[in-house]
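Sequence order for the protein chains is A and B. In this text, residue positions in the first sequence follow the numbering used here: the first is 1, and each later residue adds one. In this text, residue positions in the second sequence follow the numbering used here: the first is 1, and each later residue adds one.
In short, the hints are calculated from the structure, not lab data. Hints are not guaranteed to be accurate.
Identical copies carry no separate label here, and so any pair may be met within one copy or between two of them.
Said to hold, decoys possible - Here are the simulated EDC-like cross-link-like pairs (lysine to aspartate or glutamate), alpha carbons at most 16 angstroms apart as the crow flies:
| no. | residue 1 | residue 2 |
| --- | --- | --- |
| 1 | K250 | E272 |
| 2 | K31 | E215 |
| 3 | K250 | E46 |
| 4 | K31 | E8 |
| 5 | K250 | D277 |
| 6 | K20 | E215 |
| 7 | K31 | E143 |
2 protein chains.
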Amino acid sequence: MRAVAVHEDEDRPRVIRIPKPEPAPGEVLVKILRVGIDGTDHHVIEGRHGEFPEDASTFVLGHEAVGVVADANGTEFAAGDVVVPTVRRPVGASNEYAERNELDMAPADAYVECGISGAQGFMAEYVTAPAEYLVPVPRSIAEYAFLVEPISNAEKAIDHAFASRSAFEWTPECATVLGNGPLGLLTLAVLERRFQRTYCVGRRDRPDPTIDVIERLGATYVDSRETAVSDLADEYEPMDLVYEATGYAKHAFETVDALAPNGVGALLGIPEAWTFDVDGGRLHRDLVMENKALIGSVNSSVPHFEAAIESLDSFPEWLPEALITGVYSPTSVEEAFDGDRGDVKVVVEFDCL
Amino acid sequence: MRAVAVHEDEDRPRVIRIPKPEPAPGEVLVKILRVGIDGTDHHVIEGRHGEFPEDASTFVLGHEAVGVVADANGTEFAAGDVVVPTVRRPVGASNEYAERNELDMAPADAYVECGISGAQGFMAEYVTAPAEYLVPVPRSIAEYAFLVEPISNAEKAIDHAFASRSAFEWTPECATVLGNGPLGLLTLAVLERRFQRTYCVGRRDRPDPTIDVIERLGATYVDSRETAVSDLADEYEPMDLVYEATGYAKHAFETVDALAPNGVGALLGIPEAWTFDVDGGRLHRDLVMENKALIGSVNSSVPHFEAAIESLDSFPEWLPEALITGVYSPTSVEEAFDGDRGDVKVVVEFDCL
Chain A
1 MRAVAVHEDE DRPRVIRIPK PEPAPGEVLV KILRVGIDGT DHHVIEGRHG
51 EFPEDASTFV LGHEAVGVVA DANGTEFAAG DVVVPTVRRP VGASNEYAER
101 NELDMAPADA YVECGISGAQ GFMAEYVTAP AEYLVPVPRS IAEYAFLVEP
151 ISNAEKAIDH AFASRSAFEW TPECATVLGN GPLGLLTLAV LERRFQRTYC
201 VGRRDRPDPT IDVIERLGAT YVDSRETAVS DLADEYEPMD LVYEATGYAK
251 HAFETVDALA PNGVGALLGI PEAWTFDVDG GRLHRDLVME NKALIGSVNS
301 SVPHFEAAIE SLDSFPEWLP EALITGVYSP TSVEEAFDGD RGDVKVVVEF
351 DCL
Chain B
1 MRAVAVHEDE DRPRVIRIPK PEPAPGEVLV KILRVGIDGT DHHVIEGRHG
51 EFPEDASTFV LGHEAVGVVA DANGTEFAAG DVVVPTVRRP VGASNEYAER
101 NELDMAPADA YVECGISGAQ GFMAEYVTAP AEYLVPVPRS IAEYAFLVEP
151 ISNAEKAIDH AFASRSAFEW TPECATVLGN GPLGLLTLAV LERRFQRTYC
201 VGRRDRPDPT IDVIERLGAT YVDSRETAVS DLADEYEPMD LVYEATGYAK
251 HAFETVDALA PNGVGALLGI PEAWTFDVDG GRLHRDLVME NKALIGSVNS
301 SVPHFEAAIE SLDSFPEWLP EALITGVYSP TSVEEAFDGD RGDVKVVVEF
351 DCL
């Protein structure tokens, strides 16, 4: 069967042929429909994030997938069920995090990530997965359900952000998303349902399809070249929630300035080392005197996937179409991974329902 | 009656004579027994924190108080009840934060703080307070109950720290307190009840009474001149909770290094502006990849005072005596505020039960 992989000696992915996998007991054989591409895939290809599976010279990419059950293999699934796989698997047979379905909270040595770090990904005609790592999806949203994985990351981060404010009565009204990439826009759509006023910070000129999405969602576009994140509170309003999806390290610190009293910043970007000046005294004081919080969040587990499916199902109909600007077949994988085409969200399509 | 106050033209407190207050409807007249002195009092005296009440040229100090009800004035209290006052009061008659007893979460323009900012303090023979801001204390711990206010700050911060970890199964085992001042030591005693292993970071040479308290509590003393906070994880173990009570701004950032995956740093210090270099990229990445959190926390409300009373009542008997190294009468106020005497915790005693 065909798979999209990067070879250890190469710097771009290509189609390879590998044997069709056989499901082990407890595993399901899934026929892949679509696999989304995101910034993490590009970082994996560039060698900036993640690592090849042990002893592998080719690494199958892809962690945002949707497929149909081809062989339920005695599990609770039935052939034809539409499913989305979660990304993390335990190192070894199992561990305490896997047992309570919280691999998203496992330390680095307790998990691998399919298509990212230490385990083969989903960008192939077929994959196998233990039944407990497959989340059923309504057929009506199968086409877009590769978006469930990125949305699930937002659901988890928002869940943790709200939990951090649960020791008092928190009545947030406004939220800002830093970053107008696909994760930023999907998060904005999730936050639209919970906040009265939303903002999304980017650095693009009009006309731009992401600005169109932001405004069609009812949010305000903020150009960070005109308004620094630190100035959001003064220029617009102090934010109850700031969701950082840029990976720009200074945003973690500027987030503190942007927050209202009792506000929380959810950090999701994964920057590299970068030393710079901060007024650490002022930031520290401000965190304390205004009861602010910063929450780092990575990955997601089944409950977040379930919440994401509910969100995706409730999104306005035009949204997935507006986000998915590139649908490529595996044979066009070079174009699919060409980041310079101005695409918002790109997906590799193996099959249709 | 006598009160201990600082005059706007002076840089040290002295005893003044002011009229005995009359309780307004809903207020209780409290005869003060003892009032603790902490770092905030020194910052107020130095003009580094807080501000005088409007139109006042003298500012009565003190926010860590215990007293007995002298005139219940028709409230639910009875004369002779031992009580501790909370510190914040609403600006104006009331506001939403006051109504739900969460003035600790109010923004800066919605509260004043008795003895700290905008309202006269408790270091006087008598004070009045609305009944809802008085918390009853068992007579058995009346002597030490001025410690309830500082402990309540720890209870709130710990409460918020645990809340921030409530969206997943968190089973913390070890905690570090940064700072071996009175708040640090009281916090350590609170954490001893919840954590299997505790550490306290200071910068003092042995023999030292605070190191004695740390070790008698069963905790490990860490000399920060030998082990930097950033090295705690390597030199000792990664910490599930770090509680910062130093006001040293770099500790807010070093806390991230000290944390275990899924750990939380509670920040309570109030540093001044100070710009320095940080590896913001690494810190940001580490917060995200290991699901870490930083929670700023200030002040406390009635539920935290109630938790503090329970904690104080459960502390080993030797602890308050070991902490309270100076008991001064109001006439010795100069010695009481002399920070160079090597005292751990100092209290001004107006009366005994």
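We went through each hint and held it up to the structure:
With identical chains, the CA atoms of K250 and E272 are at most 16 angstroms apart within one copy only, with a shortest distance of 11 angstroms there and 21 angstroms across copies. When the C-alpha separation of K31 and E215 is checked against a cutoff of 16 angstroms, the pair qualifies neither within a copy, at 36 angstroms, nor between copies, at 61 angstroms. Taking the closest pair of Cα atoms, K250 and E46 never come within 16 angstroms of each other, the shortest separation being 23 angstroms inside a single copy and 34 angstroms across copies. For a Cα distance limit of 16 angstroms, the shortest separation of K31 from E8 qualifies neither inside one copy, at 26 angstroms, nor across copies, at 78 angstroms.
Both within a single protomer and between protomers do K250 and D277 lie at most 16 angstroms apart by alpha-carbon distance, with minima of 10 angstroms and 12 angstroms respectively. When the C-alpha separation of K20 and E215 is checked against a cutoff of 16 angstroms, the pair qualifies neither within a copy, at 44 angstroms, nor between copies, at 62 angstroms. In the homo-oligomer, the alpha carbons of K31 and E143 lie at most 16 angstroms apart inside one protomer (14 angstroms), although the nearest pairing across protomers, at 72 angstroms, exceeds that limit.
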